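A.B. asks: Use these hints to put chains X, C, U and V onto chain F, whose structure you have.
Chains as they are written, first to last, in numbering that gives the first Met the number 0: chain F, 0 to 104; chain X, 0 to 674; chain C, 0 to 169; chain U, 0 to 257; chain V, 0 to 406.
Keep in mind that the hints were calculated from the coordinates and are not lab data.
Hints are not guaranteed to be accurate.
To be verified - The calculated lysine to any residue pairs, modelled on SDA-like cross-linking and capped at a C-alpha distance of 25 Å, are: (1) K35/U - Q72/V; (2) K86/U - K173/U; (3) K14/U - R246/V; (4) K14/U - S247/V.
What the hints assert, rightly or not - Facing chain V, a subset of chain U residues (Cβ under 7 Å, in silico): (5) L1; (6) Q7; (7) G8; (8) L9; (9) N15; (10) I16; (11) S19; (12) R25; (13) L26; (14) V27; (15) T28.
Computed from a predicted structure; not experimentally measured.
Cβ coordinates follow ideal geometry from the N, Cα and C atoms, glycine included.
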Amino acid sequence: MILTPLHLCLLLSSALFCIGLIGALSRSSSILVLLGVELMLNAANLNFIAFWRYGPNPAAGTGVLFVLFSIAVAAAEAAVGLALVIAIYRHQRSIRLQDARRLKG
Amino acid sequence: MSLPVQLLWLIPALPLLAAGIGSLTPRSGRGLASGAAIVAMAISFLLSCGALATALAQPAAHLVHNFAWFDLGGSAVRLGWLLDPLTAFMCVMVTFVGTLIFIFSTGYLHEDANFTRFFCFLSLFAAAMLGLLVANSLLLLFICWELVGLASYLLIGFWFHKPSAAAAAKKAFITTRIGDLGLLLGMLWLYDSTGSLLFYDGGQGVLEATALGGLVAQTTIGGLAVSTAIGLLIFCGAIGKSGQFPLHVWLPDAMEGPTPVSALIHAATMVAAGVFLVARVYPLMSADQGLAHVPVHALTVVAAIGAITALLGALIAVAQSDIKRVLAFSTVSQLGYMMLALGVGSWVAAIFHLLTHAFFKALLFLGSGSVIHAAHHEQDIRRLGGLRGPMRATFATFAIGMMALAGVPFLFSGFWSKEAILHAAHNWDVSHLPLYAGLAAVVLTAFYMTRLVAETFFGSPRSEEASHAHENSAVMTVPLILLAVCAVLLGFLGTPAYPWLQARLEGHTEVHGHPIFEGAGLLMLSIVLVAVGIGSGWALYGRRPRANANALDPIEGRLPGLFAVLRARFGFDELYAATVGRLNTAMAALSDGLDRYVWDAAVRFLAALGEFGGVVNREADEDVLNGGFDATNDRLRGTARSYSAAQTGGAHGYLRTVAVGFVLLVLIVMLGGGV
Amino acid sequence: MTGLLIIALVTLVPAAVAMALRNVIHSALLLILSWAGIAAFYFWAGAEFLAFSQVLVYVGAISMVVLFAVLLTRHTRTDGGVAPDTLGRALAGLLIGGAVLGVLFGAVLSTPLPIGSKPAAAVTVHGLGVELMERHTIALLVVGVLLTVALLGAVVLAASDSRSGPEDAR
Amino acid sequence: MLGSGLLQGLKVTAKNIAGSFHDPERLVTVEYPEQKTKLPENYRNFPFLVSENATDPMGTLRCVACQICEKECPPQCIYIEKSKDKKPDAAGKMQVYPAVFDIDTSVCMSCQICVEVCPFEAIKMDQVFEIATTDRFNALLLDRNQLAKPNSYYHQIHPTEAAEVDGRLLAERKAAEEKAKAAAAAAAAKAAAAAAAPKPVATPTATAGAPGAVAATVSVAKPATPPAAAPVSATPPAAAPAASPAQNAPASDGKAAP
Amino acid sequence: MNAMPGIFAAATGADSLLERWPILFRDTVAGFFPAPLQWLVGSLISILAIVAIFGGVFAALTLLERKMLGRVQNRPGPNRTGPFGLLQPIADGIKMLTKEDIVPRSADHLLHFLAPVALLAFSILTFAVIPFGRNLVPLELDAAVLYFFAAGAATELAIFMAGWASRNKFSLLAAMRALAQLISYELPLLLSFVPIIMLAGTLSMTGIIDQQAGWNFGFIPKWYIFTPWGFAAFAIFLVAALAESNRSPFDLPEAESELIAGHLTEYSGFKYALFFMAEYFGMIALSGMAITLFLGGWRAPLPFLEFIPSYLWFGAKLLGLLLLFIWIRGTFPRLRMDQLTRLAWKFLVPLALFNLGTAAFWSLTSGWSGPLQLARWGVAIALVVVPFVLLGRGLSRGVAPRTYRFA
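Just chain F, same shape as in the assembly:
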């Protein structure tokens, strides 16, 4: 089996994704959970760039554009997410994610 640079990029991104996932799963602070999700998003972006870079048509720039949009969306997500965290904090006086379970069935 040959380990190409693309493989390395993908391994990097999957490792980053798993770090983000572990963080999101195990941390109780909603901010950190949000940051974990953000890391996962970034890992996905890494994949876009990797496939663009080593893909058949690197001159097209589609991957770059996709990541550009993804970054914009991530910015929006972070702003709204953190605003939500603050709102939750107002209501619960706590930002622990497990405290915010009013939707419990």
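C.D. replies: Frame of chain F, contents of chains X, C, U and V only:
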């Protein structure tokens, strides 16, 4: 200075902009609203002059600029601008009269709290009217047509706190809407038959030979050519908008609006839109002329309606005592004249009369507005009188307008245009009845106008208000004077000796005149008739002025029955109330009854049936079915509870589940050999 | 290749440490470092415009928002002690995360990938701009609307309900 | 319009920048050790002792070691020891003088109360501010020799005040002499025991202090008061020398006054 | 890696030796080294030159600022150390170096140490893309403008680190103020030069300078500041740059009188000096950016002045801008927090957005000539002035000039 047809949209766009500004201006921004409206109108006037120059450079051509409005599946709905002498002359007239009336309004409505709203509406009306004129598509024309109706509604009901004004606005809107339905139907039919609504489109338009030929070739119910049927439907719209018999009833009531509105909309421009419409689609209306086998030609109907309206309006005007109502019925009558001219085949005479009428009728209305404003909103001529002294300018201009309307020979524009119509009627080979109606109307017109002037300006004041009247400010008199000048001069554009206007309208660049006295018999006759009318009017009202406001009218004294009928306007309103209104009420009552007794009873019966079934069922259910259902429910609830336990509300759990699911999925795919 | 390894180190280690630290501020700062590492990856891959965008957005903007959020929500009960279920959750997280990692690595490593050639010319900013304005106009507009809505939404969410807000947001 | 005020402010500072180069008058500072601005007359920081004569400062101190200032000083930075012997003062009268007079300027708070209470115009405020030292303790503790400054120096730093003080002293001395004369005349007229002829010459100095002390507790800055008050309040002190021509009459008067 | 061509931009053309010598010097020195190392040596020389020159500028600037502030207040300023006080910066440096470095016991030691270092590093990073003269660009990047602001954005982080790590309530308040302020002013700063990018059609610094080459009528330079929208953008940029570099009147994060120097409270000695240096470097970098974007970069203002080397022109413009900054500092009092944010969100941002429209108009009407050119100018000026006046009215609503009864 000339305006290319591509920029023709500027003419309606400017007043629209002014309307927008007016709508956004707070109440205190009087200067801004009126200023914007007047400036926009003035610029539109200049642009219209440019357009006229363009049109006159090649009068026979129909300059068009078409564009696609939106795609409709395979085809596109197309709109466009049209520039020919007809459009250009109309635009110049509307913008010129409009500008003067706008200026007049600043004086007339000076004390009104809703000044800015008024100018907003006026500008909206002007925009719609100009859009109607420049439209090269029946659809665009119809849109503007409805907008004009809306503006008219808003302006008639401008003083909506007066119940009569609100009612009049509603009446005008609904009545014209009856006609508009015909127009809409005609439009749809036209689109169905030809696939286009553009008037001129380089051979593809509905007014061009290809389409007309197709329309004439088909026949429909009763052996009518399709073109005839469509033309008559479109003419319905004209009947409504132009106040023709039998839909003329709204026009006199529309005088509830402010007088400048009456002048602009219900005398000079909007009501002429019907005439303009017929003139615009004249090729369509006259397409069936060559067919011998059809039961009736479209133009014949037009002529008949016109003649009836002309005579009817003139008759009713004789017995009215409200200064604006007299003028309103006179408008009805004059519009009848125009329709008559259209019907007898001389659309240029109709347009000529339209133009001259616009000026002198605007003049008359503004004059009456001046009188009303001076006399503190006293409109009853029986209570006016003796205003000749204090209001010289108004009197002079009003008299000029009266003479133009009455058709005093040679000097006044109304004479020439009316002569043109009478000549056309005389030359019509179908029937001479319209001619006779027209001649009768000439006498009556001269008579009631003399009566109006005599009652208003001569004698002595017959009320407090009238005795305190004094001349208005220059803002109001200057437009009057300008209009009076036009009312005199305009006639010379189309004298038989040098019919420049007619020639240009028909697309000729050179003018062929006739000696004035070529058809001298008719001319003489009409001069005599005018003299008779004025003379009898003066004899009855001028020589012995009315003593006081409650004195009997001379005619009323001699022919009380006839006078009562005329004063009651032949009872059209009552007739409609008794027929259409009654029918409406009856239908409503019928629906109510049906709803209440038939449908309701059926529903109640079904309900009772269901209830009975329910009772039966319950007895059966209690023991047999319920037990089973209860058990099922319990199971369901238990399952649901266990599912809902999974809804921990904690985001961690959800995310965990997703991750586990992902792992499982990938494992399944990988182990399944999917990769 | 060494460049990539260094970048991976700079990206992964801070991220991993950040997820393990108790101090949220330290976590946030380390994550910012990790984001900067990702920007370095973009630079390495030849998308320099993207690298700068990443720095501008993540290091410049999102980090600020995160830090602000942390400062606005201090004094939580978690500051005091460890929640009872922390260990279990952490173990579960590690387990599941490890499983995902394994699955992903397995998938990546078992896939034969083409050895891409180096791109002849990287995408220029100008080219990106043209593409953005021509082919992806709609997307650009949608993103603009999205950002506006997100801005408004964030303001509405974060604004306190009552007028006497400031003392609420300790 | 927005910004016009900002531009005005910028104009002002621009004028300052340019102006301070071509117009040195605008500079509000001086190059201190080389140049010094003249201190305002009312500037004061620490007290000093007035001596009548510059050549013999110790001999002509006005201070009679009455110790009022020592008692009144709020931070208690004055330390006085009376002399055992007496020396003639400027007027030639025998007086006690301060054997030790120390002021700790590291403690002194420049309140000027010592000056206000001094009945003999013997302690005044100085203008020396360059007293920085490298020694925190001894160098800031000023002794009698460092404190004594001649009256001419007083005139130099506070000309107005010094002239006023001198005038007042002169007037008091005159008034005392006249009263002494009158007293002497009265005594002669009574033909009582006209004791010592030189004594009445000395008493005015003693009594001159008394009204001064009384007045000083009220206000120093009332030059008009002492002459007016002198005849009125002079009566008990006038009796004092007769009753007990004690050495420390001022001290006892100081006690009697409150 | 991609930047290598920039490092070795050849000194081409018929420039004078005076113009070319920096590049020649670098290439000559690099020539002594084996080829694989040449790029490294070249870069190092550039870095050393930048650090040395701007270190010197920083030193001179501290003195200049104190001198000028003195003049503003009618004082001569420092004049004791050396002739005219010229050695003052050295004395200051020695003082700073020898001072005791105090770290609070409860501080976050690592971050406390990292903050000044990071701040300085980020501010020096920004110098990498500024063209100091013809061909004198350390790093020629396609997206240089973006790089500049990406590097500048990171300085906020350092200030936050400093404030938070100090474990001092004043420092933390300062950190939060700094965050709010820097975020608020990032927006107008970025928006103010978007028109330029729009008009120039490039994100490259040299590209932008090339767009400003030439003269109208032979004597008015085609700099962007000499257009209505450019002038407005320059003003917005200047205000935002003042705020971004924490200079008075926007020095709220430091605010000696309110926050006892804010995030600097717990810093002393050399770390303090580093903060100081970073602030001045930031100011210099933003000035350099302003010069590049609005003032034609290193270009001479008049054709016959082109014989003066380009880097001197850059230096002259830089000096002018720095003097302006100092002048402003000497004049205006500090804003309040609410005034600060209101100025940004209610005035500068809308104004910058309007300005974007104005620039778009300018770009669309570039074909107009003759009398239309006048109309173009008129409309553009109106588009700048009218929003300015209206927004300014809104901003100063309810704020009348104060009248002091007892002054």
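A.B. asks: A separate judgement is required for each hint: does it hold in the structure or not?
C.D. replies: Tested hints:
A threshold of 25 Å between alpha carbons decides the hint, and for K35/U with Q72/V the separation of about 20 Å falls inside it, so the pair holds. Between K86/U and K173/U the CA atoms are separated by roughly 22 Å; this keeps the pair inside 25 Å, and the hint holds. Under the criterion of a C-alpha separation no larger than 25 Å, the hint pairing K14/U with R246/V is consistent with the structure, at around 22 Å. Using a Cα cut-off of 25 Å, the hinted pair K14/U and S247/V holds, with the two alpha carbons roughly 20 Å apart.
Given hint, L1/U at the interface with chain V, holds; its Cβ is 3 Å from that chain's nearest Cβ, closer than 7 Å. Given the 7 Å rule on beta carbons, the hint for Q7/U is violated: about 10 Å separates it from the nearest Cβ of chain V. A distance limit of 7 Å between C-beta atoms decides the matter here; for G8/U the minimum to chain V is near 5 Å, and the interface restraint holds. Because the closest C-beta pair between L9/U and chain V is about 5 Å apart, less than 7 Å, the hint holds.
At its closest, the beta carbon of N15/U sits 5 Å from a beta carbon of chain V; the interface hint therefore holds under the 7 Å criterion. For I16/U, the interface hint holds, the least distance from its beta-carbon to any beta-carbon of chain V being 4 Å, beneath 7 Å. The interface hint given for S19/U holds, since its Cβ lies 5 Å from the closest Cβ of chain V, which is under the 7 Å cut-off. A hinted interface residue such as R25/U counts as satisfied when its beta carbon comes closer than 7 Å to some beta carbon of chain V; here the least separation is about 5 Å, so the hint holds.
Interface hint at L26/U: satisfied, since its Cβ lies 6 Å from the closest Cβ of chain V, which is below the 7 Å cut-off. For V27/U, the suggested interface contact is upheld, since its CB lies about 5 Å from the closest CB of chain V, less than 7 Å. For T28/U, the shortest C-beta to C-beta distance to chain V is roughly 5 Å, which falls under 7 Å, so the interface hint holds.
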